[in-house]
Each structure stands twice: as C-alpha cells, then as structure tokens.
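**Student:** Once you've looked at the hints, go ahead and assemble the two chains, each given alone in its own frame, into the complex.
Residues per chain are reported as follows:
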Amino acid sequence: NAGVMQNPRHLVRRRGQEARLRCSPMKGHSHVYWYRQLPEEGLKFMVYLQKENIIDESGMPKERFSAEFPKEGPSILRIQQVVRGDSAAYFCASSPVDSPRNQPQHFGDGTRLSIL
Amino acid sequence: AQSVAQPEDQVNVAEGNPLTVKCTYSVSGNPYLFWYVQYPNRGLQFLLKYITGDNLVKGSYGFEAEFNKSQTSFHLKKPSALVSDSALYFCAVRASYNTDKLIFGTGTRLQVFP
Chain A
311 NAGVMQNPRH LVRRRGQEAR LRCSPMKGHS HVYWYRQLPE EGLKFMVYLQ KENIIDESGM
371 PKERFSAEFP KEGPSILRIQ QVVRGDSAAY FCASSPVDSP RNQPQHFGDG TRLSIL
Chain B
3 AQSVAQPEDQ VNVAEGNPLT VKCTYSVSGN PYLFWYVQYP NRGLQFLLKY ITGDNLVKGS
63 YGFEAEFNKS QTSFHLKKPS ALVSDSALYF CAVRASYNTD KLIFGTGTRL QVFP
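Note that the protein sequences, when read in sequence, are chains A and B.
Everything in the first sequence is counted per the working numbering, starting at 311 for the first residue and increasing by one.
Everything in the second sequence is counted per the working numbering, starting at 3 for the first residue and increasing by one.
Calculated from the structure, these hints are not laboratory results.
Any given hint could turn out to be false.
[To be verified] Mimicking DSS-like on lysine-lysine, the simulated pairs with C-alpha atoms at most 27 Å apart in a straight line are:
id, chain 1, residue 1, chain 2, residue 2
1, A, Lys337, A, Lys361
2, B, Lys79, A, Lys372
3, B, Lys51, A, Lys354
4, A, Lys381, B, Lys79
If you're wondering where the values come from, they're calculated on a predicted model, not measured in any experiment.
One chain only, chain B, in its complex shape (with noise of 0.2 Å):
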C-alpha cells in the first residue's frame, strides 16, 4: 500500500537559517512525488514535484527538493528560511502505474522566528 511519513508534527527555524522538512514515502513503482503548503483556512498550494529525471527539484519561493530513491525520502529544503513561509506543509505521493489519487502525509508545521 502506498503511504508517506512525515515524521515531524512541528519544525521551528530562526529567520535567515536554512530549513529541512522530512518525507519519506513506501509506494510500488515509481512514484511521483509533491509537497504542498497550506496557510490558514486556506487551501493547498502548490510547491514543487518529482516525475523523473534530476534528483534535485527546484519549485517555488525558493523551496527545493531532493529526491533519494535509495532511502525512499524527498525532503523539503531552503537555504534561508522567511518568516512568511510559517505554514503547514505537506509531502503527497501518487504511484504512477493505477491512480490519479494523491496519498498526504499528516503534515509538518513549519515556525520561522524573527
């Protein structure tokens, strides 16, 4: 069965520090892999994805990810953390052969401080 961790319910960073947010997804084939960010009685936005290709994905705001099929993980990264990227943030993964559902891990709640 597909699933994803995120093993991190809460990420606290200081402002201008860079920032890693964990995911490690277990899913049969390859998987196609995405974070998303979600503000306040907000919806899901978009962030950046893995199809194939470079193991390094650069997205968007300045978040970029590393793809390691090896420890099965695409952990979320950015060199320097803002206050404003303060949000819930989560890992999805669909396998790529049977479905078009998106499998979410429980989410990671990232807190820059100034």
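Chain A extracted, bound-state conformation (with noise of 0.2 Å):
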C-alpha cells in the first residue's frame, strides 16, 4: 500500500496524558502537512512541514502541540496535556517533490482523537 499512513487510527486518553500521532507520507512525497476536522466542520490547517523543517505553522495552536518531521521515520504531530477541547480526527497529507503547489494533496484515513 502506497498511501499515506497514519497510526493509531483511534486514540483515547485522559486531559492531561500526551498525545501522539504518526503520518507516514507516500512514497516519494517529502512535504507533510497536518489538519485538524472538528465534528460537522470542514478541514482547518495546522502545519506544513518538509524533512527537517517546519515551513509553516500559522495554524497550529500557540501552546501544547508540536510537529517534527525528521530525516528517518514518520512525521508526529505531539499534543501535551491533553483538554476535552482536542478531541477530533487529525489528517495527515502529503504531495510530491515537484510543484507542490498544483498537486493534490493525498490524505491519510486519519487519527481519531478521543479525551475522557
């Protein structure tokens, strides 16, 4: 299967715990990008990264979460200390190389995050 990989598909913690979710992107696709889809919404960006670097985050939340894109191994999209306010389904996508920006962006099925 060549697609984009997220794990765990479901998630349950309790406010406080951490939360980590794995993206592994298509095969020879270097750009990563995380969303967040509340209940009945559409897709709201978070953050784009490259291998390496965080190219933009302007939607991720100022305090608690986290991405990291290393040079091996899945990107992980970290949220600390976990609130009721964070249950929802992250999707992880990502494009190729070239032209990122006319390329459709390939979506995992997704984490479903649930806090308790």
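**Tutor:** If you want it as structure tokens, here you go:
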C-alpha cells in the first residue's frame, strides 16, 4: 500500500496526558501537512513540514502542540496535556517534491482522538 | 484572506438525476481549486482540480467541475447521480503565489436516493 499511513486510527487519552500521532507520507513525497477536523466541520490547516523543517505553522495552537518530520521515520504531531477540546480527527496529507502547489494533497484515513 | 464557501449543508437528489454541489471562493491572485470526497471514517479522496486552462475540468468517478472566474465559483457536477455517490464533499482553494496549505469549505453532504 503506497498511500499515506496514519497510526493509530483511534486514540483515547485522559485529560492531562500526551497524545502522539504518526504519519508516513506516500512513497516519494517529502511534503507533509497536518489538518484537524472537528465534528461536522471542514478541515483546518495546522502545520506544513518538509524533512527536518517546519515550513508553515500558522495553524498550530501556540501552546501544547508541536510537530516534527525527522530525516528518518514518520512525521509526529504531539499534543501535550490534552484537554477535551482537543477531541477531533487529525488528518495527515502529503504531496510530491515537484510543483507541490498545483498537485493534490493525498490524505491518510486520520487519527480520531478522544479525550475522556 | 483566502476563504471557501459551500452554501449548502446538504444536497438531496434522486438516483439518475444530475447533481450540483456549489462552491465559491475568495483569494488574491490566481486560485488553485480542488474537490475532495470523504466517506465515513475515512480520509479525503481527491476528485479533481483546476489549475489553469479549460474552465471545465473532468475528474474521477464521472464528476466534473466548472471554473467561473467572474462569479468566483467552482461548482461540482455529475450528469447522473448514483446512490454510491452519497458522501461528504469538500471544496478547497490554495493561492498560487505564496502558500501550500489548503483552505477548505465546511463541506456539503450529498444524499442520493434510490
């Protein structure tokens, strides 16, 4: 399967715990984007990364949220000290190296985060 | 600021009838426009895009969309709806000049009745 892989598909955390969401882009893709989808809403951009670089984090909350895309391994979205309002579906997308702006982003199936 | 509007929360259509899902956008410069479909508990699947060229764009599963610059619209259409087309549809825009992120509309739920 050469698609965008996200894990886990479902994640349950208690308030105050940490959540780690992983994303492996499509083969040959080096651009990764994270989006958040609240119930009955569209997707909201969070962060755009290339290998070892954060390109655009204008959609990231100022506190508790961080993202990385290391040279080796998947991209990680990390949420510290989770609160109930963090409950959402988190989607990762990737696009190829060449002309990323006119290429569609390819999405994973998402991680559904539930905070108890 | 860039924005996308999908004025209809839900569209109902009988199987075999044509369907239209509306989208208007606001962006500085030339827009890159995309339609995606989302099935329950899945990610978004790419349907089609407009970058430049012909205003009528053909995509996957028989869908097409018409870019209208004067009306800043990019409506999704299909001549004959199938029950299996029932899903959530998202329009998205990306300004061509300075950003890679997608701005999504709030989505339109398409319900095709047999």
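**Student:** The structure should be examined with respect to each hint, and the outcome stated for every one.
**Tutor:** Hints versus structure:
Restraint check: the Cα-Cα separation between Lys337 (chain A) and Lys361 (chain A) comes to about 14 Å, which is no more than 27 Å; the hinted pair holds. Pair hint Lys79 (chain B) plus Lys372 (chain A) does not hold up; C-alpha atoms about 40 Å apart against a cutoff of 27 Å. Restraint check: the Cα-Cα separation between Lys51 (chain B) and Lys354 (chain A) comes to about 19 Å, which is no more than 27 Å; the hinted pair holds. About 42 Å separates the Cα atoms of Lys381 (chain A) and Lys79 (chain B), which puts this hinted pair outside 27 Å; it is violated.
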